[in-house]
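Model the placement of chain L on the given structure of chain X, informed by the hints.
Here is how the chains run, residue by residue.
There are 2 protein chains.
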Amino acid sequence: MLPADPTKYKRSSEEIYKQACDVITGGVSRNTVFRRPHPFYASHASGCYVTDIDGVEHIDFANNMASLIHGHAHPAIVSAVVEQLMRGTAYTMATESEVAFAQLLHDRVPSFERIRFVNSGTEAVMALIKAARAFTGRPMIAKAEGSYHGTYDFAEVSQAANPDNWGDIDEPNRIPLVNGTPQGVMDNVVIFPYNDTERTLALLDKYADQIACVIIDPVAHRIGLFEADQSYVDALYAWTRRNGALLAFDEVVTLRVNYGGTQENYQVKPDLTSIGKIIGGGFPVGGLAGRSDIMKVLDPREQRILFPHSGTFSANPITMTAGRLAMELFDREAVTTLNALTDIARYQILEAGREAGIPLSLTGAGSMFRIHFREAAPNRYREAYQPKEEVAILKEFLDFMHVQQHIMMINTGTCMLSTAITRTEVDRLTEAMLNGFRYIKPGLDALHAKEPKTA
Amino acid sequence: MLPADPTKYKRSSEEIYKQACDVITGGVSRNTVFRRPHPFYASHASGCYVTDIDGVEHIDFANNMASLIHGHAHPAIVSAVVEQLMRGTAYTMATESEVAFAQLLHDRVPSFERIRFVNSGTEAVMALIKAARAFTGRPMIAKAEGSYHGTYDFAEVSQAANPDNWGDIDEPNRIPLVNGTPQGVMDNVVIFPYNDTERTLALLDKYADQIACVIIDPVAHRIGLFEADQSYVDALYAWTRRNGALLAFDEVVTLRVNYGGTQENYQVKPDLTSIGKIIGGGFPVGGLAGRSDIMKVLDPREQRILFPHSGTFSANPITMTAGRLAMELFDREAVTTLNALTDIARYQILEAGREAGIPLSLTGAGSMFRIHFREAAPNRYREAYQPKEEVAILKEFLDFMHVQQHIMMINTGTCMLSTAITRTEVDRLTEAMLNGFRYIKPGLDALHAKEPKTA
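First to last, the sequence lines map onto chains X and L.
Each residue of the first sequence is one higher than the one before, starting from 1 at the first, in the working numbering.
Each residue of the second sequence is one higher than the one before, starting from 1 at the first, in the working numbering.
Bound-form chain X, shown alone (with noise of 0.2 Å):
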C-alpha cells in the first residue's frame, strides 16, 4: 500500500547484521530470524508478500511464526489501530476494547467461560501453570517430550531432547534447555512422550497426587506438526478427572485450525487453555482462558487472590483493537475456506513430492503443514526427530526456497497460511517446492543409501 522508502535501501542486509552484532547479542533478538551468513532484513510488507531490504520480494507462508492470520498490513485492521494510536495506547484505566474482545473469545469458543490477556505466548503459558498450581495447591506439570510452550523454564523441559540424552521412552529424561536451570524445576515437570496412552498414563500415575496440569499443544508444532490422536485425548482427560488434575492445551499456535480452535475436533473439553500468535492482530499478546472456577484464582475480589496477576501492558486496546478484527474477519467462512485452500497446497505438494521423486509427507491441520522427508508421516516425536543429516538437507531446502524462489516457509518446514493467499501464490508455492524437491534430491538419496530407512 505504502510506496517503497527509498531511503531505506541505502545499506544491505549484510551491512546491517554487520552494525547489529555490534549492540546487539548475535544480531538478532529473535533466534528464528537468524540465519548464516546474515539474517534479511524487512523493509515493507502487504497482503502475503514481503520486500526486503535488499528489494527482493518474497510470498509469506511463515507469516511472523504463524501470528499473521491476515498477512500483513490489513487495511480495516491498519485503520482500526490508527484510530485507537490517536486515542492513546495504554492507560491506567481499563479499556472497553478488552472486554469486546474478551466477549468474542468467550462466544466463540466453549471452554473459554473467561479470559485473562497478557502480552506473550510465553506469559499466556506461564500464567496458564500459575493458574493450575494455584487452583490444585500441586506443583507439578506433565508435558509432552520435544513439545515448545514457550520460554518459562518449567515449559522448556525437554523441550530440546535428543537421542544422545532423552533416556528410556518408558520415563523420558527431564532436560533443562537452559544451561544453570534449578534442579527444582527439573524435580516438577514429568515429561511423557506424545500420543504414547499407554507410557503416557503410567508415567502420570508415578506422580498422580502431584501433578497439577497435563498440557498438551493438540498439533504440536516442534514435535512433528502432528494432531494429538482422538483417543490420546480421551485418555488424558480421563486420567486428569479421575486424579484431581487439570487438562491444559497450548493452542498459542493451533486456535487456527478451527472456528472454535484445535479443540473443536475433540469430544473432550480442556479445563484450561493458552492463546496468542493470531489474535493479537499483529501485535504481542497472548492469553489465558478456561473453566471460571479455576479462573477464579486471579480473581482481585476474593478475599485471599491465590494467584495475583498484572501486566503493564496487558490488555492494551492497540493489541485488543487489533485482535479483536482479526478475529471478527476471520469468521466460520473464513476459516472454511483458507483450510480449503491449505488442502489444495496439500494435495499439489504431495504430488510434486511423487514427481520429483523424493519420500515425502506432510502433518499439520487446517491451514498449516509440515514437511517431512520420509514415506510414512510420523505421529511420536522420537519418530519424526531428524538427525543432524536430515536437518542439514531441510536447511538446504528451506534457503533454497527463500533466496531462489522467495517462497519465505518456517525454520521447521512448515507453511502457515494466511487469507491472503489465494490460488496463485499456492500454485507459486507448489513450483516453488517441486523445485525444491529436486534440489535436495541428491542429498535425500545419498542419504537414504547410507542409511537404513526411517520409519
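Computed beta-carbon distance windows for the label pairs:
| # | chain 1 | residue 1 | chain 2 | residue 2 | range |
| --- | --- | --- | --- | --- | --- |
| 1 | L | Ala-238 | X | Asp-293 | 48 to 54 Å |
| 2 | L | Gly-244 | X | Asn-173 | 26 to 32 Å |
| 3 | X | Glu-57 | L | Asp-399 | 54 to 60 Å |
| 4 | L | Glu-431 | X | Asp-293 | 45 to 51 Å |
| 5 | X | Glu-351 | L | Lys-10 | 52 to 58 Å |
Interface residues of chain L toward chain X, partial, derived using beta-carbon atoms under 7 Å:
| # | residue |
| --- | --- |
| 6 | Ile-16 |
| 7 | Gln-19 |
| 8 | Gly-26 |
| 9 | Phe-40 |
| 10 | Tyr-41 |
| 11 | Ala-42 |
| 12 | Val-50 |
| 13 | Ala-73 |
| 14 | Glu-98 |
| 15 | Asp-299 |
| 16 | Gly-311 |
None of these hints come from the bench; they were simulated from the model.
Where is the CB? At the ideal position from N, CA and C, for every residue including glycine.
Just chain L now, with coordinates in the frame of chain X:
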C-alpha cells in the same frame, strides 16, 4: 487531538464492568486497574490528560504504570507508528528498527554493551535471571524482600512478605506469591533486607558458591520507592566480584531517573540490566542489556547456545520505532527539565503536607516520587511496610484524588511524571494533594492517637 467519539459514551464504566465480569476473571486483565465498585474505563487521552468513558477528564500522573514518558499520543510517535503500520507490524525477518534502537540504548548507557529485546518487563527479568544462571552455571538468585520484578515466580518470592510471614530479619522467610508454587522455586531464591548491608552480606555468604546473581531495583518501587544506598551498592558489587556472581539491576521502572538510568548515580556498574516501560514508547516491551561476554550465552552463532531464546513479537518494528523515538525525545535536556519540574512538585507537596498538618515524607528519584504518611522517609522494607489501617487511608486518599480531584496516581501513592506535564499541572496536583491531605487528616490523626508512632 481526535474528537471524542460520541458512540463511546453510550455505556457507563459500571455497565461495561458488569459485562466484563461475565467474560474476564474479576472483570479486569490487570489487577492494577481494579477498584471497587468498578474500574474506570478510558475513552481517549492526549498528552497528560485522560478522559474516561463517563466523560471525566483527569491529569495523568500514573502514565500507564510509569511507561509513558511523553504522556499519551505524542504526535511524533503517532506519526512514525502510522508509517510503520502501513509497512507491516511484524515479519519472520529482522528489521533495521531494532538495530537503530539497540544502537541508541548502547550509546546511552555505558554498561549496555549488548542488548536483547523481549515483550514485557516480566520477560526481561526472566531472561536476565536465565542469562545469569547460564553464564555462571549456578541455580540461585538473591533478591530483596518486598521487591517487585514482574511475574516470573523466582522473581516473585517474598514480593508481598508481611509481618505475619516474613520471619526473622537475619534470614527472611522465602514467601511464595502464588498458591502452589513449587518448593524448588523458593529453594533457589535468597531473600535479603534491602539497604541492610551487614545482614545482606551475611545471607549471601551462606550461599556464596550457588548464587548466579544478586538483583536489585535501584529505586525500589514496591519496597517504598527509595534509592539503594551508595555504600550498599558498593558492598553488593564487591561481594559479587569476590564470589563469582553477577550484579543485576532491574531498571524496568527506573531507567527514566537519569539520561543513563539510575545506574549513572553509582560508581560501580551492573553486569546485567533489565529494562522496559518507557523504552516501548507506549507499546509492549522489555529488554536485557549488559556485558558482552555474559550476553554471549544467547548468541546463536556459538557452537553450544547456553541460553536459546526467541519470541514471536520480540523486537517487532512497531515497538522498536515508537521506543526509539520516545527515547530520542527524552534527551539530556528533557531528562533534566522533567527532573527539575518533579523537584518543584516535591517541594510544593511537602509544603502542602505541612499546611495540612499531617505527617508526610516523599521518597523517589528523578521524575518519580512516592508519598508516605509519616514524618521520616523510610529506607527499609519492613520500616516502609504499611499496616492495613494505613493502606486503608492511602486508598481513601487515592480514591479522593481520582474521583474528586481528577488526578490519576499509581496505587502505591506514587507519581511518575511525563514530559507532557507542565507547571500548571504540578500546581493543580499540589492543590489537589492539599485537599486530599485535609480530607484524610482526621483518619490519620485517629490512627496515630491509637498507635505508637512509627519511625
